[in-house]
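There are 2 protein chains.
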Amino acid sequence: MTDKQSMDTFVSLCKRRGFVFQSSEIYGGLGGFWDYGPLGVELKNNIKRSWWRNTVQERADVVGIETSIIMNPRVWEASGHVQTFADPMVDCKKCKHRFRTDDIKPNDKGEISCPDCSGELTDSRMFNLMFKTFIGPVADDASVAYLRPETAQGMFVNFENVLTTMRKKLPFGIAQIGRSFRNEITPGNFIFRDREFEQMEMEFFVMPGTDEEWHDRWIETRMNWWTEDLGIRKENLQLREHPEEELSHYSKRTVDIDYNFPFAGFSEVEGIANRTDFDLKAHEEAAGRTLRYFDEPSGESIVPYVIEPAMGVDRCFLTILIDSYVEEEVKDEKRTVLRLKPHLAPIKVAVLPLSRNEKLTPTAQRVHELLRPHFMTQFDDAQSIGRRYRRQDEIGTPYCVTVDFDTLDDDAVTIRDRDTMTQDRVPVSNLPDVLREKLPPV
Amino acid sequence: MTDKQSMDTFVSLCKRRGFVFQSSEIYGGLGGFWDYGPLGVELKNNIKRSWWRNTVQERADVVGIETSIIMNPRVWEASGHVQTFADPMVDCKKCKHRFRTDDIKPNDKGEISCPDCSGELTDSRMFNLMFKTFIGPVADDASVAYLRPETAQGMFVNFENVLTTMRKKLPFGIAQIGRSFRNEITPGNFIFRDREFEQMEMEFFVMPGTDEEWHDRWIETRMNWWTEDLGIRKENLQLREHPEEELSHYSKRTVDIDYNFPFAGFSEVEGIANRTDFDLKAHEEAAGRTLRYFDEPSGESIVPYVIEPAMGVDRCFLTILIDSYVEEEVKDEKRTVLRLKPHLAPIKVAVLPLSRNEKLTPTAQRVHELLRPHFMTQFDDAQSIGRRYRRQDEIGTPYCVTVDFDTLDDDAVTIRDRDTMTQDRVPVSNLPDVLREKLPPV
Numbered sequence: 001m002t003d004k005q006s007m008d009t010f011v012s013l014c015k016r017r018g019f020v021f022q023s024s025e026i027y028g029g030l031g032g033f034w035d036y037g038p039l040g041v042e043l044k045n046n047i048k049r050s051w052w053r054n055t056v057q058e059r060a061d062v063v064g065i066e067t068s069i070i071m072n073p074r075v076w077e078a079s080g081h082v083q084t085f086a087d088p089m090v091d092c093k094k095c096k097h098r099f100r101t102d103d104i105k106p107n108d109k110g111e112i113s114c115p116d117c118s119g120e121l122t123d124s125r126m127f128n129l130m131f132k133t134f135i136g137p138v139a140d141d142a143s144v145a146y147l148r149p150e151t152a153q154g155m156f157v158n159f160e161n162v163l164t165t166m167r168k169k170l171p172f173g174i175a176q177i178g179r180s181f182r183n184e185i186t187p188g189n190f191i192f193r194d195r196e197f198e199q200m201e202m203e204f205f206v207m208p209g210t211d212e213e214w215h216d217r218w219i220e221t222r223m224n225w226w227t228e229d230l231g232i233r234k235e236n237l238q239l240r241e242h243p244e245e246e247l248s249h250y251s252k253r254t255v256d257i258d259y260n261f262p263f264a265g266f267s268e269v270e271g272i273a274n275r276t277d278f279d280l281k282a283h284e285e286a287a288g289r290t291l292r293y294f295d296e297p298s299g300e301s302i303v304p305y306v307i308e309p310a311m312g313v314d315r316c317f318l319t320i321l322i323d324s325y326v327e328e329e330v331k332d333e334k335r336t337v338l339r340l341k342p343h344l345a346p347i348k349v350a351v352l353p354l355s356r357n358e359k360l361t362p363t364a365q366r367v368h369e370l371l372r373p374h375f376m377t378q379f380d381d382a383q384s385i386g387r388r389y390r391r392q393d394e395i396g397t398p399y400c401v402t403v404d405f406d407t408l409d410d411d412a413v414t415i416r417d418r419d420t421m422t423q424d425r426v427p428v429s430n431l432p433d434v435l436r437e438k439l440p441p442v
Numbered sequence: 001m002t003d004k005q006s007m008d009t010f011v012s013l014c015k016r017r018g019f020v021f022q023s024s025e026i027y028g029g030l031g032g033f034w035d036y037g038p039l040g041v042e043l044k045n046n047i048k049r050s051w052w053r054n055t056v057q058e059r060a061d062v063v064g065i066e067t068s069i070i071m072n073p074r075v076w077e078a079s080g081h082v083q084t085f086a087d088p089m090v091d092c093k094k095c096k097h098r099f100r101t102d103d104i105k106p107n108d109k110g111e112i113s114c115p116d117c118s119g120e121l122t123d124s125r126m127f128n129l130m131f132k133t134f135i136g137p138v139a140d141d142a143s144v145a146y147l148r149p150e151t152a153q154g155m156f157v158n159f160e161n162v163l164t165t166m167r168k169k170l171p172f173g174i175a176q177i178g179r180s181f182r183n184e185i186t187p188g189n190f191i192f193r194d195r196e197f198e199q200m201e202m203e204f205f206v207m208p209g210t211d212e213e214w215h216d217r218w219i220e221t222r223m224n225w226w227t228e229d230l231g232i233r234k235e236n237l238q239l240r241e242h243p244e245e246e247l248s249h250y251s252k253r254t255v256d257i258d259y260n261f262p263f264a265g266f267s268e269v270e271g272i273a274n275r276t277d278f279d280l281k282a283h284e285e286a287a288g289r290t291l292r293y294f295d296e297p298s299g300e301s302i303v304p305y306v307i308e309p310a311m312g313v314d315r316c317f318l319t320i321l322i323d324s325y326v327e328e329e330v331k332d333e334k335r336t337v338l339r340l341k342p343h344l345a346p347i348k349v350a351v352l353p354l355s356r357n358e359k360l361t362p363t364a365q366r367v368h369e370l371l372r373p374h375f376m377t378q379f380d381d382a383q384s385i386g387r388r389y390r391r392q393d394e395i396g397t398p399y400c401v402t403v404d405f406d407t408l409d410d411d412a413v414t415i416r417d418r419d420t421m422t423q424d425r426v427p428v429s430n431l432p433d434v435l436r437e438k439l440p441p442v
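These protein sequence lines are chains A and B, in that order.
Note that my numbering gives residue 147 to position 147 of the first sequence, counting from 1, and the numbers run on in steps of one.
Note that my numbering gives residue 184 to position 184 of the second sequence, counting from 1, and the numbers run on in steps of one.
Note that these hints are calculated values from the structure, not bench results.
Hints are supplied without guarantee of correctness; some may be wrong.
Pairs count within a copy or across copies, as identical chains cannot be separated in the list.
Claimed, not checked - Below, simulated DSS-like cross-link-like pairs (lysine-lysine); rule was C-alpha separation at most 30 Å, straight line: (1) LYS93 x LYS331; (2) LYS234 x LYS341; (3) LYS168 x LYS94; (4) LYS438 x LYS341; (5) LYS168 x LYS341; (6) LYS96 x LYS438; (7) LYS109 x LYS341; (8) LYS169 x LYS252; (9) LYS94 x LYS169; (10) LYS438 x LYS168; (11) LYS168 x LYS359; (12) LYS334 x LYS281; (13) LYS105 x LYS234.
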């Protein structure tokens, strides 16, 4: 498969099986905006739950918060986003298409011109990536507000509230999952770079001087999450150190976790940055109040350093789909399988009567009712059993429960394993317990 | 308590215990925007999970989706929001304060004037409640977009995608949880009416003619969720039929579930509307394509009717806090308890050493490590055990596990029940199972 073909395969699978649709598709879509379908929303929720469990629930030193997308605009002045969160762009004077200046390469003759029509380009100018809006009925400067381009500032401005109300001691972290918005000049590659996306970010506050050690620890912790919790293959992941000229204005050191995307090669799926005391100090100055931690042993008030693991849910979603996608030959037939870890699978158990039959269907429905309170399930009785197994394989369902004519006598069913395709016979009365054993809750 | 006092009690409890903070508080906040703290985000997530479980997982006839906040602006032209989603407002010419025209009442002398300074008011004009933004770098009409004022349109524009990819038959529903935005002229009453809020909405598509029956069924189903799943007291809830003049432009009949708020009396916490075929027909016309269901028995293509239960998570959050809040006398001391249903409680189990002690603390920490993978837990060893019980009561923690000096001998701990305050002694080895029995997963 070429890279283009492999990307097309996923976009098509995602649409056909209800994972991802174009936003507002009946109106021709909207560039950089995507919707999650019935299976997509379950996978997305499972990713978020896995991260929250690993980052918040299982650690005594991290708490979660959820802040508003629209914040006081002074937040973005203090953070530097109003001044510097911008990309250079050029327009074509002829076809009016717009490009990131970084994406413009000289043509064969060494000239700079429009990649689409070879027209003349405008001078490069800076374009701020924050979406602007207005609070209140009048669109004037006094009422300008922004859609957040990152969730991180929500943690910084709540540092003191969390410190006080949760009586935390350093080191401790504040985590958040939520939508962010960037008015990208050239969104693209499906959900790889969108204008509206969901982030999972955590600001871990530490004593200055312990920041480099904590940075290394978090790089290891996060890499383990990708391989152990999500099950992404190690050989497809690598760490990448940002060279100095690439560092953000707030960062002392940043290390990315890169995934080997078929269409783009190794590209960032998570960044782990040492943000130093940049943000807290900036807010101290702008808000005119101290944002400090009182260190009892030394009797000093300290501005903590911050280690930040930050990632996008949408890009993680794409990574998981690509990494778990397998095409294999079974008895001379092609089988497409999403080898998702069970806790990520949108549907945990499919209940399938062997055929659509007046005796099998009510029994299968009874089995379905039995399981539904415990798991995300699907009932399917359309077409041959082989086709229905393939359909479940393609969406990554770990187990299919099949109701056959023997069930009417022995009240037992078979559990088919997605990966091994082996089938075990189990009494219906034991079924919830047997499946619960195989499918621990997340 | 007066109404004002009772509201102040909640706002203060919410801040003090890490449930809700003002957005961007260090910059003086931002009217109509709120943040959820470490306990608030857990309660909010538990509400959402309970709704999703009840509405999506446990029903074979409803699937979920998650759509983008910014949609193609033609969606909002077709839905009627660009033309009609507006409130009448007036400005005071003197103090410049702004009011909803509905909120202006004649003064003692029967004159209409500014409620704040008695100044002269402008004429009433319509103000659209959608937040506007611009996609791409130039703020012109071609690039105008809106932040969605409701999640519902995400379901309507995806009707066909869901129908096809999930092979659904009528009746079936599409559910979504997500943020919406309304540029309210006068936000207020804490998180009761905010400008950014989270909705849980479900569009249930039915055959025309069966809509009235399904409407009644959904009113019952939703009322049961409030009383059974959330545990809201029946006497504090009532149904309210919208009189004809109050119906939205799309609605044939709407019934609200009202809660008796101490500061506002019975007010809407959920609306269950019969939206008829208004939205699908509007999108058919605007998008120039059919959005129909092919009914096999009759051989006809039909535009389904829609029953919509719609509610806000933030207002539900406030309802739960208010309804579960109890002040009682225990041994001549005041005890504040949030009698939350266990599945809603932010912290399920608190682990408390009897006192801060070099032998008790490591044992208590071992117990804490044992429980944390299974539940949201908190470890607390600061101040007297009585105060720590009160702190957990106040945030609604159903169980406290106390490690005392006997634990060092018998490796057993006591489980204290929030509501009865009884204590049971349990071996540490049985503790996860005993608590799992009391705290079923949601």
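When the structure is checked against the list of hints, which entries are broken? Sort them ascending. Failing hints, ascending: 1, 3, 6, 7, 9, 12, 13.
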